[in-house]
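Take the sequences, apply the hints, and build the full model.
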Amino acid sequence: IVQPEGTIAHQYDPAYPEQYEDYSYGVSIRESTTPLVDGGATYSVYIPTDAVPAGPWNGNQGLDEFDDSGWRSGPGGIGTLDFENEEIALDLKDDLLGKSTALYVRIPFEAGENFFLLERLLLSLNHGDGFIAYINGNKVAQQNAPASPDWNTPATQSRAGSEILAGEDFQVPNAGTLLRRGRNILA
Numbered sequence: 001i002v003q004p005e006g007t008i009a010h011q012y013d014p015a016y017p018e019q020y021e022d023y024s025y026g027v028s029i030r031e032s033t034t035p036l037v038d039g040g041a042t043y044s045v046y047i048p049t050d051a052v053p054a055g056p057w058n059g060n061q062g063l064d065e066f067d068d069s070g071w072r073s074g075p076g077g078i079g080t081l082d083f084e085n086e087e088i089a090l091d092l093k094d095d096l097l098g099k100s101t102a103l104y105v106r107i108p109f110e111a112g113e114n115f116f117l118l119e120r121l122l123l124s125l126n127h128g129d130g131f132i133a134y135i136n137g138n139k140v141a142q143q144n145a146p147a148s149p150d151w152n153t154p155a156t157q158s159r160a161g162s163e164i165l166a167g168e169d170f171q172v173p174n175a176g177t178l179l180r181r182g183r184n185i186l187a
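Numbering (this note's numbering), first residue to last: 1 to 187.
By construction, these hints were calculated from the structure, which means they are not laboratory data. Every residue, glycine too, gets a C-beta built ideally from N, C-alpha and C. Hints are all accurate, no fakes.
Cβ pair distances, simulated, as ranges:
#, residue 1, residue 2, range
1, N60, D13, 17 to 23 Å
2, A51, T7, 41 to 47 Å
3, L96, Q142, 16 to 22 Å
4, I47, G161, 20 to 26 Å
5, N60, D38, 20 to 26 Å
Below is the structure:
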């Protein structure tokens with residue numbers, strides 16, 4: 001769908017979604033909100049000391065077969081308690097300070113039967129200086145990320161504590177084409 005001035009209002013990109021019997025496709029006139037990941041979701045976290053985790057740690061288009069059983073895991077938020085954020089369940093300050101500029105996180109979540117009808121997805125998060133987010137191996141958002149990220153490359157800019165606590169929203173385009181029925185990975 002193209003607006004009169006020529007801007008694209010809606011498109012299926014990178015591909016037209018898989019078709020399912022008895023469902024129509026197009027722009028919905030009804031909108032609803034369904035959280036896919038909540039603040040108490042179980043996560044796995046890895047803090048590198050010499051290399052990026054081997055294998056498809058950020059998910060992939062096929063089945064997620066990455067073994068993160070050796071990573072730390074638990075429910076709730078992760079980060080440092082420098083800013084009195086009550087949502088942080090795992091304080092990583094001692095693990096990161098002077099040891100690593102990065103951490104890798106995997107959060108599995110389930111997409112329901114009608115995931116392909118999803119027109120918009122909003123990634124809402126509090127983050128430190130920078131991040132790169134993936135859904136099933138597809139980069140969906142980033143901020144202050146270096147051009148060639150590695151396990152020891154810092155963010156390109158620092159953020160104040162008030163910015164970290166405020167959180168931000170990032171639109172994820174073409175969400176229905178990124179998700180799959182059942183288990184998905186936010187990394």
